[in-house]
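J.: Sequence:
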Amino acid sequence: MCIYYGCTYPIMFNYDSSANTNDGSCIPVIEGCIDELALNYDTPISNPYLDANTDDGTCYFVNGCMVDTMYNYNPLADNEDGSCIPFIDVVLLRACLIMIH
Numbered sequence: 007m008c009i010y011y012g013c014t015y016p017i018m019f020n021y022d023s024s025a026n027t028n029d030g031s032c033i034p035v036i037e038g039c040i041d042e043l044a045l046n047y048d049t050p051i052s053n054p055y056l057d058a059n060t061d062d063g064t065c066y067f068v069n070g071c072m073v074d075t076m077y078n079y080n081p082l083a084d085n086e087d088g089s090c091i092p093f094i095d096v097v098l099l100r101a102c103l104i105m106i107h
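Under my numbering, the first residue of the sequence shown carries the number 7, and numbering increases by one thereafter.
There may be inaccurate statements among the hints.
To be verified - Restraint ranges, calculated between C-beta atoms of paired labels, are given here:
#1 79 - 21: 41 to 49 angstroms
#2 88 - 56: 34 to 42 angstroms
#3 27 - 49: 29 to 37 angstroms
#4 47 - 18: 19 to 27 angstroms
#5 8 - 86: 27 to 35 angstroms
These are computed hints drawn from the structure, not numbers from a lab. For glycine and all other residues, C-beta sits at the position ideal for the given N, C-alpha and C.
Use the sequences and the hints to build the structure in full.
T.: Take a look at the structure:
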């Protein structure tokens, strides 16, 4: 039988199903936010035993208009949601409202 080294523990992050001899390389599953665009992204520190490697669903984003020339620009937004309103639309809407009153 051939010896194939790797992580042989199925609960580990880097489990290798083809390995038949454990080589001590197993890395635990560490949950956290691994989406770099999220506000609460768990920034890696180059330590596989501390860095999040599995998304736990806790990432959060601020949706909004990210175009700084728009009326409703949100400087805190990190996820463009298509809600941008040009200034011209706001001016026209205000003019219409004034004419109604």
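J.: Does each hint hold? Answer for all of them.
T.: Outcome of the hint check:
no.	hint	verdict
1	79 - 21: 41 to 49 angstroms	holds (46 angstroms)
2	88 - 56: 34 to 42 angstroms	holds (37 angstroms)
3	27 - 49: 29 to 37 angstroms	holds (34 angstroms)
4	47 - 18: 19 to 27 angstroms	holds (23 angstroms)
5	8 - 86: 27 to 35 angstroms	violated (52 angstroms)
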